[in-house]
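Dock chain X against chain U, hints included.
Protein sequences appear in the order of chains U and X. Everything in the first sequence is counted per my numbering, starting at 1 for the first residue and increasing by one. Everything in the second sequence is counted per my numbering, starting at 338 for the first residue and increasing by one.
If you are wondering where the hints come from, they were derived from the structure by calculation, not from laboratory data. Quick reminder that beta carbons are idealized off the backbone N, C-alpha and C, glycines included. The reader is advised that the hints may include incorrect statements.
[To be verified] The list that follows gives simulated cross-link-like pairs (lysine to aspartate or glutamate, DMTMM-like), each with its CA atoms no further than 20 Å apart: (1) U/K260 to U/D281; (2) U/K118 to U/D297; (3) X/K576 to U/E252; (4) U/K228 to U/E252; (5) X/K621 to U/D145; (6) X/K489 to U/D280; (7) X/K576 to U/D281.
[Stated by the list, open to error] Computed footprint of chain U on chain X; a stretch qualifies when at least three of its residues, placed anywhere within it, have a C-beta under 8 Å from a C-beta of chain U: (8) 434 to 444; (9) 658 to 665.
[Said to hold, decoys possible] If you want the ones that stay clear, here's a sample from chain X, every Cβ over 12 Å from chain U, calculated: (10) E361; (11) Q388; (12) F420; (13) Q425; (14) K549; (15) E589; (16) E606; (17) L632; (18) D634.
As a plain string of letters, each chain reads:
There are 2 protein chains.
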Amino acid sequence: MKAIGFKQSLPISDPNSFIEFEIEKPKPKGHDLLVKIAAISVNPVDFKIRQSAAKNTVLDTPKIIGWDAVGTVEEVGDKVSKFKVGDQVYYAGDLTRSGSNATYQLVDERITGFKPQKLSLAEAAAIPLTGLTAWETLFDRIRVDPITDQGKTVLIIGGAGGVGSICIQLARKVGNLTVVATASRPESAQWCTALGANHVVDHRSLQEELDKLGHSQVDYILDFVDLKAYWEVAAEIIKPQGHIVSITGSTEPLHLNLLKNKSVTFSYEFMYTRSMYHTDDMDKQHRILNKIGRLLDAGKLKPTLNTTLTGFTVANLKKAHQLQESGKSIGKTVILY
Amino acid sequence: MKAIGFKQSLPISDPNSFIEFEIEKPKPKGHDLLVKIAAISVNPVDFKIRQSAAKNTVLDTPKIIGWDAVGTVEEVGDKVSKFKVGDQVYYAGDLTRSGSNATYQLVDERITGFKPQKLSLAEAAAIPLTGLTAWETLFDRIRVDPITDQGKTVLIIGGAGGVGSICIQLARKVGNLTVVATASRPESAQWCTALGANHVVDHRSLQEELDKLGHSQVDYILDFVDLKAYWEVAAEIIKPQGHIVSITGSTEPLHLNLLKNKSVTFSYEFMYTRSMYHTDDMDKQHRILNKIGRLLDAGKLKPTLNTTLTGFTVANLKKAHQLQESGKSIGKTVILY
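This is chain U alone, in the form it adopts within the complex:
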């Protein structure tokens, strides 16, 4: 089968940053599905791993990355009970296994959902990683309760990005929260408003803009951009007993004590935790993907797809990575096979 990968971590402009090659089609065992891929999407984790996985070394066999995918089940392992051959599925996969930048991929059924029926293949491919991240952030880390937490305020840092785009919607439509999203360009601000953000603010003057809105302090802060850059302002604008969640992290140590007097809670959200550690509740991702799919099919959530590149080629994968690396992409970028 055809696959695209890399043997070295190279700048995306390098001719060998991605290479096309042939490998054997894998065989599913146990809980695995063999999926024939129809479309994939690209996320920041893709270029971060491309840039770091083969630094100062040359791999013997190319590394296949990419995680979001939609496709059709072609074969199933002996323990599979949730899906059958012919089912259309979507998933974000497992960071520790071979990726979706290939014609076929193995994926554990417990982290796979049924493709939302009313979405196009490209629209569906855009959802899994960001949908799981946003859902887990709101409902597994913060444990937002749509009844008791109704009207509480969440600040989403990076509203127009992939995770922000689905999170704005889940926070409003499922969480019943008041959503303030950051976006600094007119086109990204407009995107956030169209997805349902109650307010859009510029991240460069966060405190002042929140003061103007009458939300000087917020109940929840979600960092989808850069934890270290926002740490001090987050500690200022979080309410007493509030909750901060980050998906980014900081290579430098942080002054955790800024959270102390207010009894603030901080969580990391990493959607690969469940599959990486094979947690007891790993199959919750199956249920989350199905739940999000039903909300999309019912029109309660809007697709977050913004850019579609047609053809599973090295050139298109490079384009998608370049767009992610720019930090300016709005919504999601998909490659349709």
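Same frame as chain U, but now just chain X:
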């Protein structure tokens, strides 16, 4: 009225580390109760504030510290609705106001509970600060659910201290958790076992002892001793999606990224947050104290009092501070007026 306080932050052995003096009895307004104090207890926060509040300065009027108290309502403010004159009450008070090391004290009714009827005055004085801290840690920060979380494992670092002593009991009896407590001396280990800890381990060989118990990783870690000292081992032994709570803090920045791959949550618990920021749910402390009182009256929780000093004197207050400063006190120390 008689009060004991200090004008300078001095070593406890200094003759002027505490001084006795007379001030006017205060008048209650609004939600305040005027309480005639019958007993107080001493916590680590007492000596920390004594050591820092008047460093390199001499105050004009002595500072009155001390927060835990039990006593009788002698007068009420015009907005008081929960208590009447003559009620016996207990409370940990408000860090921003004058303390309990006095004959009378003002306290907001919303952070005050009814004294548990079956406990002695000394036993009751030992409860509020540690009880509120332990309750908020388990049920407001972690939000332990006694049904769905039944049998999950909590590691309590500092099991024999004031907070540990009540937390071991709440975690087992109310939270339905399996409790592993740290204690390094035979007498402190025995104390933890008597309070219901399922296992007692030595903090100096935490990982090895947990391995031996078959609990190499735990769901929750509660730090009641020193956040920085336990940060790295806590990141190792916490389960994926686990929750760490600290009441201590760290003056140095910490590597938060150690929590990232496991999507771990970290909370500070500071029982003075609610009164310090006058949070909307400030009166939850009234309800928590009453709930803990009912559990004590029903015999479901045991008193944590260990040392009683009789007489509200400078000498006894110095003794109580010395014991706290040693770091070796077991359970609680109370001064009976």
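Here is what the structure says about each hint:
no. : hint             : verdict
1   : U/K260 to U/D281 : violated, 31 Å
2   : U/K118 to U/D297 : holds, 5 Å
3   : X/K576 to U/E252 : violated, 23 Å
4   : U/K228 to U/E252 : holds, 8 Å
5   : X/K621 to U/D145 : holds, 19 Å
6   : X/K489 to U/D280 : holds, 13 Å
7   : X/K576 to U/D281 : holds, 13 Å
8   : 434 to 444       : violated (count 0)
9   : 658 to 665       : violated (count 0)
10  : E361             : holds, 31 Å
11  : Q388             : holds, 18 Å
12  : F420             : holds, 25 Å
13  : Q425             : holds, 29 Å
14  : K549             : holds, 22 Å
15  : E589             : violated, 8 Å
16  : E606             : violated, 6 Å
17  : L632             : holds, 23 Å
18  : D634             : holds, 28 Å
The structure fails hints 1, 3, 8, 9, 15, 16 (numbered hints given earlier, in ascending order).
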